Amino acid sequence: SQTIHQWPATLVQPVGSPLSLECTVEGTSNPNLYWYRQAAGRGLQLLFYSVGIGQISSEVPQNLSASRPQDRQFILSSKKLLLSDSGFYLCAWSHPLKGGRTDTQYFGPGTRLTVL
Amino acid sequence: LAKTTQPISMDSYEGQEVNITCSHNNIATNDYITWYQQFPSQGPRFIIQGYKTKVTNEVASLFIPADRKSSTLSLPRVSLSDTAVYYCLVARLPTGRRALTFGSGTRLQVQP
Numbered sequence: 001s002q003t004i005h006q007w008p009a010t011l012v013q014p015v016g017s018p019l020s021l022e023c024t025v026e027g028t029s030n031p032n033l034y035w036y037r038q039a040a041g042r043g044l045q046l047l048f049y050s051v052g053i054g055q056i057s058s059e060v061p062q063n064l065s066a067s068r069p070q071d072r073q074f075i076l077s078s079k080k081l082l083l084s085d086s087g088f089y090l091c092a093w094s095h096p097l098k099g100g101r102t103d104t105q106y107f108g109p110g111t112r113l114t115v116l
Numbered sequence: 117l118a119k120t121t122q123p124i125s126m127d128s129y130e131g132q133e134v135n136i137t138c139s140h141n142n143i144a145t146n147d148y149i150t151w152y153q154q155f156p157s158q159g160p161r162f163i164i165q166g167y168k169t170k171v172t173n174e175v176a177s178l179f180i181p182a183d184r185k186s187s188t189l190s191l192p193r194v195s196l197s198d199t200a201v202y203y204c205l206v207a208r209l210p211t212g213r214r215a216l217t218f219g220s221g222t223r224l225q226v227q228p
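Going down the list, the sequences are from chains E and R. In terms of the numbering used here, the first sequence has 48 at position 48, counting the first letter as 1, and numbering is strictly consecutive. In terms of the numbering used here, the second sequence has 215 at position 99, counting the first letter as 1, and numbering is strictly consecutive.
Calculated from the structure, these hints are not laboratory results. Please note that the accuracy of each hint is not assured.
Among chain R residues calculated to face chain E with C-beta under 7 Å, some are [to be verified]:
| no. | residue |
| --- | --- |
| 1 | Phe155 |
| 2 | Gly159 |
| 3 | Pro160 |
| 4 | Phe162 |
| 5 | Gly219 |
| 6 | Ser220 |
| 7 | Gly221 |
Everything numeric in this text was worked out from a predicted model, so none of it was measured. Here a beta-carbon is modelled for each residue, glycine too, at the ideal position from N, C-alpha and C.
Please put together the full structure from these sequences, using the hints given.
Okay, structure coming up:
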């Protein structure tokens with residue numbers, strides 16, 4: 001079966017510090033990978049998605065970046081955090097699209113980031 | 117993606133059936149309707165997906181009228197643990213490797 005891991009679970013960082021959040025998926029190959037951010041009491045905002053190693057699409061321009069160094073690893077980074085970067089960060093994966101496959105996304109446990 | 121409209125919040129009591137309706141007037145022929153559930157501090161979880169008429173699984177039922185401009189998620193006999201946010205999404209299947217867009221969802225509060 002497939003599993004998705006995210007770490008750390010919680011993080012408190014000062015403004016201006018760097019950020020690195022990691023997401024890994026097990027039990028599947030060539031997944032689509034996604035990073036979302038959710039502000040308190042709000043819906044999910046898609047930040048990045050990737051259909052393969054080194055292939056990153058950005059949905060929202062900001063001071064965050066994403067990388068996919070391996071097939072099942074997705075990293076969210078920032079060089080200098082802003083207060084507005086606080087939120088709940090979720091990684092998700094979906095099956096690579098083939099005939100009959102659904103677009104269902106499977107989410108990780110999330111990382112709660114607080115920027116002070 | 118077709119735009120969806122859901123109620124912001126709903127209240128219910130344990131043991132009742134809850135129906136959450138989602139409007140998607142601009143749904144396209146190839147679009148499917150998917151519902152997710154999200155508990156606090158967790159990622160959304162897939163509940164059910166359908167194209168037309170009725171779909172039922174162990175968790176919920178999904179009713180889709182013939183014109184497909186709306187859909188209703190039905191949760192039978194809710195319990196306190198069903199308190200969560202429910203998202204309705206409409207997306208093409210297959211979607212050409214693009215991501216789904218989540219709106220604000222419906223916040224369901226189940227009371228004892």
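Hint by hint, here is what the structure shows:
no., hint, in the structure
1, Phe155, "11 Å, violated"
2, Gly159, "3 Å, holds"
3, Pro160, "5 Å, holds"
4, Phe162, "5 Å, holds"
5, Gly219, "5 Å, holds"
6, Ser220, "4 Å, holds"
7, Gly221, "6 Å, holds"
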